[in-house]
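J.: Turn these sequences into a full structure, and let the hints steer you where they fit.
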Amino acid sequence: MGLSFAAPLALLGLLALPAIYWLLRVTPPAPREIVFPPVRLLRDLAPQERTRSKTPLALLLLRLALAGAAALAMAGPVWNWAAPLQGSGPLLLILDDGWAAAPEWDARVEAAQELLDEASRVNAPAALLLASQGATPPVIGVEAREALRAARPKPWLPARASAASQVASFAKEHRGARLVWIADGLEQGGGEDFANTLEEAKGQGAQVDILMSARATLALQGPKNDARALEATALHSGESDGGVLEALDAKGRAIAHARFSFAGADRAKARFELPVELRNEVSQLRIANENSAGAVALLDARARVRRVAIVAGAGDPTQPLLSPRYYLEKALAPFTQLIKIDSRDADPALAALADRPNVLALADANVAPGEAFDAVSRFVEEGGVLLRFAGSRLANEPDELLPVRLRRNTRVLGGAMSWETPKHLGAFEEQSPFFGLAAPAEVTVSRQILAEPDPGLNDKTWARLADGTPLVTFEKRGQGTIVLFHVGADAVWSNLPISGLFVEMLQRLVLLAGESAAEPARAAVDSGALAPLRTLDGFGALGTPPAAAKPIGADFKGPPDAEHPPGYYGPAGAETALQPVGANEELRALDFSALRLATHGLVAARSALDLRPLLLTLIFVGLIVDWLALMFLSGRLRPAQGAALSLLCALALAHGAPAARAEPRSTDLSQREREAALRTRLAYVLTGDALIDETSRAGLQALSRVLDRRTSFSPGEPIGLDLSRDQLALYPLLYWPISAAAAQPDSKTKARVAAYMKQGGLIVFDTRDALTARANAQPTPEALWLRDCAKGLDIPELEVAPRDHVITKTFYLIDGFVGRYANGDTYVEALPKDDDAGGAPRPVRATDNVSPVVVTSNDLASAWAEDKDGRPMRPLTPGGARQREMALRGGVNLVMYTLTGNYKSDQVHVRDLLQRLGQ
Amino acid sequence: MTITQTHWFDPLKGPVEGLRDPAVADVASRLPRLLAKAREVAASLIHGVHGRRRAGVGETFWQYRPFAAGEAAQRIDWRRSARGDQLYVREREWEAAQNFFVWIDLSPSMAFKSAAAVDYKIDRAAVLGLALADALVRCGERVGALGASPALCARNIIERLAEILEAQRPDSRLRNIPPSAALPSRAKLVLISDFLCDVEALEARLQDYAALGAHGALLMVLDPAEEAFPFAGETLFRDPDGGTPFHAGEAASLQRAYALRLDEHREAMRAAAKKAGFLFLQHHTDRPAAEAALALLMGLEEASWG
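First to last, the sequence lines map onto chains R and E. All residue numbers for the first sequence refer to our numbering, where the first residue is 1 and numbers rise by one. All residue numbers for the second sequence refer to our numbering, where the first residue is 1 and numbers rise by one.
No lab work stands behind these hints: they were computed from the structure. As the structure is a computational prediction, the values presented were derived from the model and not from experiment. Take the hints with a grain of salt, since some may be wrong.
[Stated by the list, open to error] Going by beta-carbon spacing under 10 Å, a handful of chain R positions derived as facing chain E:
# : residue
1 : Arg-32
2 : Ile-34
3 : Arg-40
4 : Leu-41
5 : Asp-44
Built from N, CA and C at the ideal position, the CB exists for glycine as well.
T.: As structure tokens, then:
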């Protein structure tokens, strides 16, 4: 920190100040000149005491200050100069580019840029070596700058061994080399060895500096979606108290947050105790505000939805309430994927296994010996969960796939022939997965099958009746588990299947299948390896895999590297995650205390603030003030003129400050507004960016032409609006392309816009960033801008426009709104949930009002825009005449939606209505 | 009140760049306004001026008086005398048309106006001169431009004089004392100027006129700023006549000395005028023009017939 000068010698100019002072004193400002005819009379007057006129003190001081400022400016003052990093030797810059460098990547690149700039200032050769590219020699000169610009953090931690050898040879080749290592602060990847190499180089005369961020590096490992909670372990190196863990779904929307706190330990667990349905939605966990791949943990198919196949032994399809299948389906459907079994000719168990479930539920069904038995055994061995429910068939002929030996007969409690009353459930024990669930008193068991009291029966029991009789028993076989309910899955033997407890028990049982249900993946292993599906980049955003990514074997455990970036591998829907941070890894901070190496903060490298522009501005302002004062003193300037002039100067200096705007006249309408009121027209918001505004205009013009040609609505010429001034109420639809460079509207403007939306206006926000936006990456500047802007606008809850929304049917039947890009989502006001689920599905849904907001990112206007010859102005992605046509159709629908509201939603019911009338 | 700016243009050159309103220097644009003003002033003068109301050499009938013995018999008006026993003499009104000569100072020092004044001095001088000429002509006198034209008796005397003044040669316009000219006897002179000239030169010229039997009035037209010297601060006074500028230093300190000097100059002028039998009047350009015109007219009458 501090002030320093690039050319301190120029400060000698300050010595001239006394001379300037003297000169200024003796040269007063010119007297004011006045034409005066009786000069002849004046000349006759006795000579005056002509005191020598002096420069006014204030003016004198001002001029001295100007001279001083000029001298200072010539000396090139710089605030916060990175003094320790100065040097003139050949510079080798080593930039760590693992994920640990990602959170402060910009600062690192800036520091590196500054160092390269500094080297070019002193005319020293400069080279750049990225840690991940240690195998290739460092890039030099201009290429180094380009390489720096192109560099992105890698989603793995590169090994520095090869970089170390490059550094050693560089230090050997160049005498007096400067080695600057912008380190990520982790020992992983051979940090210590690398530091040793640097120290050796220092011993040979090189100047070594290490730049490190003071920020702690956080990482996430071992995500686990177990029976009770979703949890992951956070690691840290460096000082950190904890943070917030976010659970995101596949589209990057945050589902839940959980805090974790290290409290002195080097790791902390964060838990999400969510309903299992929600937990299944989670596709990745990330530490909030830690934009690195290391702070992301991926949840793959193994951690997600369980597929359940139900095979019921008995059951009359005409009497579903008597079938155990009914109760199982009702209980399992909310949180699992039920497999429909088509078993017309095959064994039902075999048919169920063909669909590769995670859980196979056999409700009072036996497994036929032979092929089916082998298949089910293999299923369990390989990690499946076999869930069995008792019944009369099982009681009669038990098979081998049971956790315990069963007695041949059943125990009847509280029947007509028994003295005993139906039994209640006992409390769940701690080793049971059901531990923590309350056993309600109204759940009773009136009939069950009994296990032979073999040794070890206790350890195989997860639930008991109040008298200690086992109710749920289990056995681990291979990687899988067999679980037996000693009651049936229907309500005949017990009312357990119609209690809420049953659902909770099943939830926990189904989750048992989580870690070992990679059957589809296993299938892929047979054919070879898992191809990369989507991989993380260094910042922790999922994207298409890089060209260098190679398939992994099923047993590949990492660590990830250039050929195996972390991410999802395998076929979609059954993907396997390669975690950025392995389950057993630790974060070790680099420790330089033993070495004699200088470390600096990242900021030290920034030669922060060049004060010269500031000084030059001051000098300029000072000169203007001086000139004005002179003009005034010599009477060539009247005060009013002076004030106007200085005001003008102030305006000119505060460039970008818009000239004073006339307040909108609320009472009388301008000519333009009168025309707009007479003829409906489309309007767009002026962003101030000429290109965007022109595109909006051309786009809306083309859309207006199409509307005129194809519909009964012939709009007038589209119009660009300044939100702060123009009357909005005259325009039904406002197209608002977002430009991140535009200034945020002030609160008054926001109030106008909010009022416009409340009065029924519709605003189409277009962030135009579908190409660059990623679901779970950093939001684009446009998205951030919109987010900021939306704060004061009272925007209702939004959702992606559903297929059955009336907006897709107002003129054309379309699927979505494509524009220049086709991949962005379109958001409209969320519709109320369809509550009459029992009725016939409605073909279309609508609210009573028009959604006040449509948010898209597809850059609609660019797709519509045509030049005056009718040729499209912008290329489309992916492209084609069809996309352009669909974009126009979307536009027509939008306009029709704005103008007709939910009219079309009634229209599509017309056939039904007519039928009803006919009755 | 302190004045920080005065207006001046070079009347010989016409329009000047940098003047706030270039039109003021353009004779073509100024003249119609001046003429209108002069007519207006003249009209207000006429109300107060009538015939001489005394018998004299004239054409209009004045009165019959009884014939006095010893008079020339041809003076008897026989027609009137035939009506009675007495002899009457018909008298006509006294109508001795006098020759007036107006001189208006058109030198650069006259083209001056300060913020306190209504008109440029030169404009005021022209208005006064022309209005006076018109009034005099209507009273039956003859008026000419001194040194430029004979005395005329014309209805459109204002236009005529204006043309004559306009057509004057630059070198004659540059002079700030009235020119020497051949004058008819008993000519009356009206000299309008700021009289910021040499007293000696002017006195000599007035003596010349007196020797020719002419006398009349001097009207000193001054800008209020020239009277009050309302200046302050470091000031450089420029001479419109092209003399060296005067660097005053702190102008406010000069105020008293200047006032004394101006009084002294004025008294010297007054003395010189008196000596030659001329009236000396003064007028400030912040006062109405009619005031000065009337004073001048009355002064002339008093001097002639008082």
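J.: Looking back at the numbered hints, which does the structure fail to meet, lowest number first?
T.: none
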